[in-house]
Amino acid sequence: MSEYVLAASDRPLFEWRWVERNADEIVQRLGEHLALTTAALAIGLVVSVALAVLSLRWRWFYAVALGTAGALYVIPSLGAFALLVPFFGLSFTTAVIPLATYTLLILLRNIVTGIQQVPAEVREAAIGMGFTRLRLLLQVELPLALPVVIAGLRVAAVTTIGLVTVTAMLGMGGLGFFIRQGIQTTTPNPTAIIVGIGLSIVLAVLVDALLWLSERALAPWARKAGRA
Amino acid sequence: MNAIDQALDWLGQPNRWSWTDPAGIPYRTLEHLGFSALSLVIAAALAVPPALVLAHHRRGAFLAGSAVNIGRAIPSFGLIILFWYLASRWEFDTSFWPLLFALVALALPPLFTNTYAGVVSVEPEAVDAARGIGHTEGQVMLRIELPLALPVVLAGARVAFLQLVATVAIGAIVNDGGGLGRFIVDGFAQGAGGYGEILAGGLAVIVLALACEGVFALLERFAVPRGLALSRRAGLSTRPV
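Those protein sequence lines, which keep their order, are chains A and B.
FYI, in full-length UniProt numbering the residues of the first sequence are 1 to 228.
FYI, in full-length UniProt numbering the residues of the second sequence are 1 to 241.
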């Protein structure tokens, strides 16, 4: 690796020229990054809602599901990828399974907590009006749990966006591609590294803000109640 | 299941269980743990004292609140590579310092935030009582606030350490040692021929992380001040959220 040292010293830390020249690819990698993030969050959300429904019915199931999600959350990302590569290759599947898995702990906990804090009177009123269990869940409980669910989604989204950069080790593209490219070319390119890190942070902040805004739009009562 | 056979084959090689040979899993495990622990100790030395003082004076609440969010948004993979690049540019020793810097930086936010939250949640009566019996402000911080905040500080250390264990593995991409991640990165470099090494190395990393989680769970149980353990047994929760 020492040959990098000499080559590195004559390159400025940041070159706008590089950014302009690679604008198309930057957009493409951003798209890949968003696709992986969205897929992981969508899968995680669907699985978590299903687990939450079962958890609300049986206490023991919640304990088991939360414990399992907690153990999975502890697994290092590279270890999880390594476990899957021999079976799914260097693929989208290998990348998305651990990413979705990491969202389960926080999403499951927030969905269940959110639904549990729906006031009993509200639930009884809905049942009294003849709501079925499914309608109660979809039209009353989930909407009222929305602020807490979105709070979980925000944490999950920011974490996932950072982790997607690691999937560059699987050749998955995304913004991690630039980070890796920065030291893999014969002349290391600091601009690529900085663009990769910078855009990943910007993306995380933007998605976080977007989710926060959507919470305010979808659940305006939460703001009035001063829960924000 | 060719990959499983390959992994068993890889695990069965004679030097694989050596404590002294870099090809050995025990050797790499110790390296992995050593690097993670060193980073945690340095990060704790940097984060805990300022958090304790700031929380004692109730300053910097915004910083403490947002530190973890900021930390989450910074991609650890990028930080490692950036520091490695900077080290090679400034002709530092690239095999150790860049990774250490990146790891310490990643461990700071949870340690800082939890220490702060833990100290702030200490009951004001306990602090007033300590002052009443003549403790100085320094003594209040070290003898009352820090011990009472310990469960929350340890929870932060646990989060930080698990992130460190995960990130040391990624560090193998630039670090010649790299702990157990060495096997995974080397396996990736071999393509399909390295699937056995990738699989076995991945398993080793996962087992290590789960074991560390278990040890921290025990630590949190036993390192709690006796008075706190009593109040908890009496049903008073000491953990904010």
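Keep in mind that the hints were calculated from the coordinates and are not lab data.
Honestly, I wouldn't trust all of these hints.
Covered by chain A, per the in silico footprint, the following chain B stretches (three or more residues, Cβ under 8 Å) [as the list claims (entries may be wrong)]:
| no. | segment |
| --- | --- |
| 1 | 8-19 |
| 2 | 44-52 |
| 3 | 112-123 |
| 4 | 141-148 |
| 5 | 170-179 |
| 6 | 187-198 |
Note that beta-carbon positions come from the ideal geometry of N, C-alpha and C, so glycine has one too.
Outcome of the hint check:
Taking a C-beta to C-beta cut-off of 8 Å, the segment 8-19 of chain B contributes 0 residues in contact with chain A, too few for the three needed, and the coverage statement is violated. Counting residues of the segment 44-52 of chain B whose CB lies closer than 8 Å to any CB of chain A gives 0, so the stated coverage by that chain is violated, three being the minimum. Proximity of the segment 112-123 of chain B to chain A, defined as three or more residues with a beta carbon under 8 Å from a beta carbon of that chain, is not established by the 0 residues found. Restraint check on the segment 141-148 of chain B versus chain A: 0 residues with Cβ-Cβ distances below 8 Å, three needed, restraint violated.
With 3 residues having a beta carbon nearer than 8 Å to a beta carbon of chain A, the segment 170-179 of chain B meets the requirement of three or more and the stated coverage holds. Residues of the segment 187-198 of chain B lying with their CB closer than 8 Å to a CB of chain A number 5, which satisfies the three-residue condition for coverage.
Of the numbered hints stated above, those contradicted by the structure are hints 1, 2, 3, 4, listed in ascending order.
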